[in-house]
Amino acid sequence: DTGVSQDPRHKITKRGQNVTFRCDPISEHNRLYWYRQTLGQGPEFLTYFQNEAQLEKSRLLSDRFSAERPKGSFSTLEIQRTEQGDSAMYLCASSLVPGQDYGYTFGSGTRLTVV
Amino acid sequence: TQLLEQSPQFLSIQEGENLTVYCNSSSVFSSLQWYRQEPGEGPVLLVTVVTGGEVKKLKRLTFQFGDARKDSSLHITAAQPGDTGLYLCAGARIQGAQKLVFGQGTRLTINP
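Keeping their order, the protein sequence lines are chains G and S.
Using our numbering, the first residue of the first sequence is number 169, and each one after it goes up by one.
Using our numbering, the first residue of the second sequence is number 189, and each one after it goes up by one.
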């Protein structure tokens, strides 16, 4: 297993366009998280899945954002009608429950630039 | 409002010096983790502390969880240029928490 994979690594899009990101977690991990990180800040929680169920969504996740994890494997995060304020690094992480150390394994992220 | 406050936000020191980074909160955490992040990459887990007063060592890095489980520190001995990076603390409010709350990070630069 090569860890958590995210695709694409970089995305430049025009304001108003829709974008979709993909995350492939570590295969035996049943929890998958999406975080957003802007320059100079720590990651902010967006949403998480346990298997295929989306169990929590942050208030940061407006109606333009939707995440799915069909079959409890990979996940997608879609942003509709992108705005310049959506520019950020979108990080995916996975973990095993129950995990004694509660540690996440993060992917390398998708850097989104909205122009 | 930042739930976890890290200090300092920026630190630039010479190779061989010692340093301490702090992570403070008014809230109690079930566990606290430290991550290091390189530019353009995701954070990498360094350590998790769970018990109040716990001390863990990772080579030249020493991590401590406060007795009241509200704060933590990271001490680096004889810093090396390879220690350069963004250090993030993150806390779980409840055991088995579904999400972590991150501090804003400490950007550390070790000059040769």
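One or more of the hints may lead you astray.
Unchecked claim - Just so you have them, the derived chain S footprint on chain G, three or more residues with Cβ under 8 Å:
(1) 183-192
(2) 229-238
As the list claims (entries may be wrong) - Ranges between beta-carbon positions, derived for each pair:
(3) K239/G - K245/S: 20 to 30 Å
(4) G228/S - Q185/G: 32 to 42 Å
(5) T239/S - A221/G: 29 to 39 Å
(6) K182/G - K245/S: 46 to 56 Å
(7) V216/S - Q209/G: 17 to 27 Å
(8) A266/S - Q252/G: 19 to 29 Å
(9) V265/G - D255/S: 44 to 54 Å
(10) G240/S - G171/G: 44 to 54 Å
(11) Q218/G - V216/S: 37 to 47 Å
(12) T250/S - E251/G: 41 to 51 Å
(13) G240/S - E246/G: 27 to 37 Å
(14) H263/S - Q248/G: 27 to 37 Å
(15) Q248/G - D255/S: 46 to 56 Å
(16) R177/G - T272/S: 15 to 25 Å
As the list claims (entries may be wrong) - Chain S is nowhere near these chain G residues, computed Cβ spacing over 10 Å in every case:
(17) T170
(18) I180
(19) H197
(20) Y201
(21) N219
(22) E220
(23) E224
(24) T244
(25) E246
(26) Q248
(27) R249
(28) E251
(29) Q252
(30) A256
(31) A261
Read the hints as simulated data drawn from the structure, not as lab findings.
Here a beta-carbon is modelled for each residue, glycine too, at the ideal position from N, C-alpha and C.
Here is how each hint holds up against the structure:
1. Counting residues of the region 183-192 of chain G whose CB falls under 8 Å from any CB of chain S gives 0; the rule of at least 3 is not met.
2. Counting residues of the region 229-238 of chain G whose C-beta lies closer than 8 Å to any C-beta of chain S gives 0; at least three are required, and the coverage claim is violated.
3. Between K239/G and K245/S the CB atoms are about 41 Å apart, so this pair departs from the stated range of 20 to 30 Å.
4. Taking the beta carbon of each, G228/S and Q185/G are about 23 Å apart, not inside 32 to 42 Å as hinted.
5. Evaluation of the 29 to 39 Å hint for T239/S and A221/G yields a pass: the beta carbon distance comes to about 31 Å.
6. For K182/G and K245/S, the hinted distance range of 46 to 56 Å is satisfied, since their beta carbons lie about 50 Å from each other.
7. Against the hinted window of 17 to 27 Å, the Cβ-Cβ separation of V216/S and Q209/G comes to about 23 Å, which satisfies the hint.
8. A266/S and Q252/G have their C-beta atoms about 44 Å apart, which leaves the hinted 19 to 29 Å range violated.
9. Between V265/G and D255/S, the C-beta spacing of about 28 Å breaks the proposed range 44 to 54 Å.
10. Separated by about 32 Å at the C-beta atoms, G240/S and G171/G break the suggested range of 44 to 54 Å.
11. Between Q218/G and V216/S the CB atoms are about 24 Å apart, so this pair departs from the stated range of 37 to 47 Å.
12. Restraint check, T250/S to E251/G: a C-beta distance of roughly 43 Å satisfies the suggested window 41 to 51 Å.
13. Taking 27 to 37 Å as the suggested C-beta distance range, the pair G240/S and E246/G does not conform, at roughly 42 Å.
14. Between H263/S and Q248/G the beta carbons are some 46 Å apart, a value that contradicts the proposed interval 27 to 37 Å.
15. At roughly 47 Å, the beta-carbon separation of Q248/G and D255/S lies within the given 46 to 56 Å, and the hint holds.
16. One distance hint, 15 to 25 Å for the beta-carbon pair R177/G and T272/S, holds here, with the actual separation near 22 Å.
17. No Cβ of chain S approaches the Cβ of T170/G within 10 Å, the least distance being about 13 Å, so the stated non-interface status holds.
18. The Cβ of I180/G sits about 15 Å from the closest Cβ of chain S, beyond the 10 Å cut-off, so the non-interface label holds.
19. Every CB of chain S is more than 10 Å from the CB of H197/G (nearest about 13 Å), matching its label as outside the interface.
20. Distance check for Y201/G against chain S: the nearest CB is about 7 Å away, which does not clear 10 Å, and the non-interface claim fails.
21. Non-interface status of N219/G relative to chain S is upheld: no Cβ of that chain comes within 10 Å, the nearest being about 13 Å off.
22. Against the 10 Å criterion, E220/G stays outside the reach of chain S, whose nearest CB is about 15 Å from its own CB.
23. Under the 10 Å C-beta cut-off, the non-interface status given to E224/G relative to chain S is violated; the minimum distance is some 6 Å.
24. Non-interface call for T244/G relative to chain S: holds, since the shortest CB-CB distance, roughly 18 Å, exceeds 10 Å.
25. With a least CB separation of 20 Å from chain S, E246/G remains clear of the 10 Å interface cut-off, as annotated.
26. Listed as outside the interface, Q248/G is consistent with that label: its C-beta sits roughly 24 Å from the nearest C-beta of chain S, beyond the 10 Å cut-off.
27. At the 10 Å boundary, the C-beta of R249/G stays outside the reach of chain S, the nearest C-beta of that chain being 26 Å off.
28. A cut-off of 10 Å between C-beta atoms confirms that E251/G is not in contact with chain S; the least separation is 23 Å.
29. The Cβ of Q252/G lies farther than 10 Å from every Cβ of chain S, with a closest approach of about 21 Å, so its non-interface assignment holds.
30. Interface exclusion of A256/G from chain S stands, the closest Cβ pair being 13 Å apart, more than 10 Å.
31. The claim that A261/G is not at the interface with chain S is violated, since a C-beta of that chain comes within 10 Å of its own (minimum 7 Å).
Of the numbered hints given earlier, the model fails hints 1, 2, 3, 4, 8, 9, 10, 11, 13, 14, 20, 23 and 31; all others are met.
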